[in-house]
Structure formats: structure tokens, C-alpha cells
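Kindly produce the complete structure, drawing on both the sequences and the hints.
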Amino acid sequence: MSNKKPNYQTLPSHNQSLDEAPDFRTQSLPGYTYGAKVLQAAKVSAPPVDSISDVIYSQIPHQSENIQLRMSLLVPRTAHKKPAIVFYPGGGFTSAQRNKFIEMRMSLAQAGFVVAAVEYRVLPHTFPAPLVDGKSAVRFLRANAEAYNIDVARIGVLGNSAGGWLAEMMGATNEEVEFDKGWFLEQPSTVNAVATLYGISNLLNIGEGYEGKANASHQQANVPEALLINGLAFHDKLGGTINSDKPKALFASPLGHMRAGLPPFLIMHGSNDSLVSPVQGAQLFEALKEHGHNPEYYLIEGADHGDESWYQDATIKIIVEWFCQQLMSPCSEQ
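Read in my numbering, the sequence shown has 279 at position 279, and its numbers run on one by one without any break.
Just so you know, the hints here were simulated from the structure itself, not pulled from any lab data.
Treat the hints with care, since some could be wrong.
The calculated lysine to any residue pairs, modelled on SDA-like cross-linking and capped at a C-alpha distance of 20 Å, are [to be verified]:
#1 100 <-> 50
#2 248 <-> 178
#3 181 <-> 259
#4 43 <-> 92
#5 100 <-> 70
#6 43 <-> 26
#7 81 <-> 50
#8 317 <-> 102
#9 213 <-> 92
#10 181 <-> 126
#11 317 <-> 290
#12 289 <-> 307
#13 37 <-> 24
#14 100 <-> 316
#15 100 <-> 149
#16 81 <-> 283
#17 43 <-> 100
#18 181 <-> 102
#19 181 <-> 70
#20 181 <-> 125
#21 246 <-> 283
#22 248 <-> 100
#23 213 <-> 274
#24 100 <-> 246
#25 317 <-> 299
Derived CB-CB ranges, DEER-like [stated by the list, open to error]:
#26 297 <-> 23: 51 to 61 Å
#27 271 <-> 143: 33 to 43 Å
#28 271 <-> 217: 18 to 28 Å
#29 289 <-> 221: 31 to 41 Å
#30 217 <-> 311: 25 to 35 Å
#31 36 <-> 182: 55 to 65 Å
#32 65 <-> 99: 20 to 30 Å
Just so it is clear, the structure is predicted and the values come from calculations on it, not from any experiment.
Think of the CB as a built atom: it goes at the ideal place given N, C-alpha and C, for glycine as much as any other residue.
Listed below in C-alpha cells is the structure:
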């Protein structure tokens, strides 16, 4: 599967002047007949990409049935071992639709990466369920590296919004084995590069910098971050706010796991983000620097949360080239 079409040149047809008529080589092509318009395909640099859907990467016992978690893969059709990118889709901790962001995923695949878009548990499941699933996906890819021709030493993660939070947590909890549960425990879940797009770095202050109700709403018991930490609230059981157990909320935040030795980070946020404050990107950037890291931080002027700014060629190019630099994969022409 590939959405990059060959470049074509139109050769002269028979209704053109005699000196523009097709030459003998053109007329002798198999399938040629008088009046045919002949196209000459130019060589393209990007490889064909195969799509593999509905791969079960984890199965979790839950009440009377098992939860099956799936991933969709884009696999460049090349002979050499390839680096891989695991994509965690956003959805406000309430959904994780893995088939989003096809423009970004296809660009990465055409640059030579295996791209695995994964679903993970969302509300009503609570922390650390999404992180456990994120790590399970990485272990699955390492265990099945031969099937997809993956270089197990070069695995990065990418996420947007709540998926950005998960990507950040994957990097920040590298080697924290308490979150490794389920299949393929003989495989490490460590990652080698992290890219987060308008992600959440601290669950305690998602609305930092917003005025009035926009900030106050994050202090309610029914917002997703509070439910992620405290669980669902019922009429006879009042749920806690995000501030009800601050140490627990910080432990479920990337900023609660900052230390030396983390993988490289690419942070991108929109200056006009109306759902996740741009402060989230800035404070992650500063925290990483304080621990001796050299993250890259892009603030996209005027961009809102998940708007068309994130699908523009310039934004995608930054992300693809950054992963190429970090995982040492030569980029195909975009």
C-alpha cells in the first residue's frame, strides 16, 4: 500500500504533428495500439508500503471476557531491517482510534519506518492501564521483529494529546519494570525516541494559564484526568478531583518521572491550544533540560488542539526528519 503516486510524463500521441509522433520504441511496446497515450513512469524514492490491520498484540482478562487490543501496521517493502515507530492516538482518555493521523503515519512509512498504530485501554479503566498497554505494544513488536523486519534497537514512540501523554510516559518510565505486565515479558519495553504533539506532561495543571471556567473545569471530579486517577463516580460515591491525591496524580504524569538517562524528546504544541494548555509543552521542555537532556521544542504559532496545522507538510516534515536523525534511518524524499 502506498499513497505516493509515480511521477508521469506524457509522450506525444498520433494526433500530434509528424515530428512529435511516437518513436519505434514506443510503438513496439506490448499493448500499444494506434491512439494510445503512453505514460512513462519515473523512478520514485519512497518504497511501496504494505498495510496490515487488526493485529492482536495483547489480551487482558476482564470480568467475564478478555479484552483484545489491536494494532495496525504500515510496513515498507524493503529488504533491510527497519526502525519502528509506535503511534498512540489521542482521544481525551475516552477513545483510542488507531486509524487516525494517516498522513503522518504514511509519511513515516515512506521514509522507511515500520509504523504501528495501537489502541489502548481508556476510561473507565484507570492508570496505569494505558501505560501497561503502551509497553505491551513495544514488547510485541520486539518479539515479532522478524515478521515485520524490525530493528529492535531502534524503536520510537509518537502520540498526540492523550496519546502524547502516553508517548511521554513511555519515555519517562524507561526501565521501570513495574508497568510491564502481560505477554512477552522476556522482551524490554524501552524506547529510543519520543515525539509528543500537544501532549500532557502534568495531569495536575492541564488548564494552567487559562482564565475562568476553562481552568476551573479541570478541578472537577468528572473530567477525564480525574477519572483516570480516581475512577468513575456514582450518585452514592463522590469521585475525587485531580487534586485529591496529588502524589498519585504526579506519579501518573511524565513530570513525576524526570531523571537523567531518558531518550531524546521532540515536543510540539500550539500557542492557541484551547484544550491542553501550551504550558504543558513548556514545562516538559524545562524539566528535561534540568535533568541534563537536550530536547527539541516547537511552539506552532496560532495552532489549536489538533487543528489543520498539525496536518501541514512543514509540521510532518519536522517530525519525520527528527525521527530519522534519532533512529539513524535515511529519509526518503518527502
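Taking the hints in turn, this is what the structure says about them:
The suggested pairing of residue 100 with residue 50 holds, with an alpha-carbon distance near 17 Å, which does not exceed 20 Å. Straight-line distance between C-alpha atoms of residue 248 and residue 178 comes to about 15 Å, which keeps the hinted pair within the 20 Å bound. With a C-alpha separation of about 23 Å, the suggested pair residue 181 and residue 259 falls outside the 20 Å cut-off, and the hint is violated. With a C-alpha separation of about 42 Å, the suggested pairing of residue 43 with residue 92 is violated against the 20 Å cut-off.
The suggested pairing of residue 100 with residue 70 holds, with an alpha-carbon distance near 14 Å, which does not exceed 20 Å. Proximity of residue 43 to residue 26 is assessed by CA-CA distance (about 18 Å); at most 20 Å being required, the pair is judged to hold. Of the supplied pair hints, the one linking residue 81 and residue 50 holds, its CA atoms being roughly 15 Å apart against a limit of 20 Å. At roughly 14 Å between alpha-carbon atoms, residue 317 and residue 102 fall within 20 Å of each other, so this suggested pair holds.
Between residue 213 and residue 92 the CA atoms are separated by roughly 18 Å; this keeps the pair inside 20 Å, and the hint holds. About 15 Å separates the Cα atoms of residue 181 and residue 126, which keeps this hinted pair within 20 Å; it holds. Between the alpha carbons of residue 317 and residue 290 the distance comes to roughly 28 Å, so the proposed pair goes past 20 Å and is violated. Among the hinted pairs, residue 289 with residue 307 is inconsistent with the structure: their alpha-carbon atoms are about 28 Å apart, more than 20 Å.
For the hint pairing residue 37 with residue 24, the CA-to-CA distance comes to about 15 Å; that is within 20 Å, so the pair holds. Annotation: proposed proximity of residue 100 to residue 316 holds, straight-line Cα distance about 14 Å (limit 20 Å). A C-alpha spacing of about 24 Å is found between residue 100 and residue 149, which places the hinted pair above 20 Å, so the restraint is violated. Of the supplied pair hints, the one linking residue 81 and residue 283 is violated, its CA atoms being roughly 36 Å apart against a limit of 20 Å.
Between residue 43 and residue 100, the direct Cα distance comes to roughly 29 Å. Violation of the 20 Å bound is thereby established for this hinted pair. For the hint pairing residue 181 with residue 102, the CA-to-CA distance comes to about 29 Å; that exceeds 20 Å, so the pair is violated. For the hint linking residue 181 to residue 70, the alpha-carbon distance of about 16 Å falls within 20 Å, and the restraint holds. About 15 Å separates the Cα atoms of residue 181 and residue 125, which keeps this hinted pair within 20 Å; it holds.
For the proposed pair residue 246 and residue 283, the alpha carbon gap of about 17 Å is at most 20 Å, so the pair holds. Between the alpha carbons of residue 248 and residue 100 the distance comes to roughly 30 Å, so the proposed pair goes past 20 Å and is violated. A C-alpha spacing of about 12 Å is found between residue 213 and residue 274, which places the hinted pair at or below 20 Å, so the restraint holds. For the suggested pair residue 100 and residue 246, the alpha carbons sit about 32 Å apart, so the restraint of at most 20 Å is broken.
Simply put, residue 317 and residue 299 have alpha-carbon atoms about 15 Å apart, close enough for the 20 Å limit, and the pair holds. For the pair residue 297 and residue 23, the supplied restraint of 51 to 61 Å holds, since their beta-carbon distance comes to about 56 Å. Look at residue 271 against residue 143: about 41 Å separates their beta carbons, and that is inside 33 to 43 Å. A beta carbon spacing of about 21 Å between residue 271 and residue 217 agrees with the range 18 to 28 Å that was offered as a hint.
The hint said 31 to 41 Å for the Cβ distance between residue 289 and residue 221, and at roughly 34 Å that hint holds. For residue 217 and residue 311, the Cβ-Cβ distance of about 27 Å falls inside the hinted range of 25 to 35 Å, so the restraint holds. The hint said 55 to 65 Å for the Cβ distance between residue 36 and residue 182, and at roughly 57 Å that hint holds. Remark: the range hint 20 to 30 Å for residue 65 to residue 99 is upheld by a beta-carbon distance near 24 Å.
Going down the numbered hints, you'll see the structure goes against 3, 4, 11, 12, 15, 16, 17, 18, 22, 24, while the others check out.
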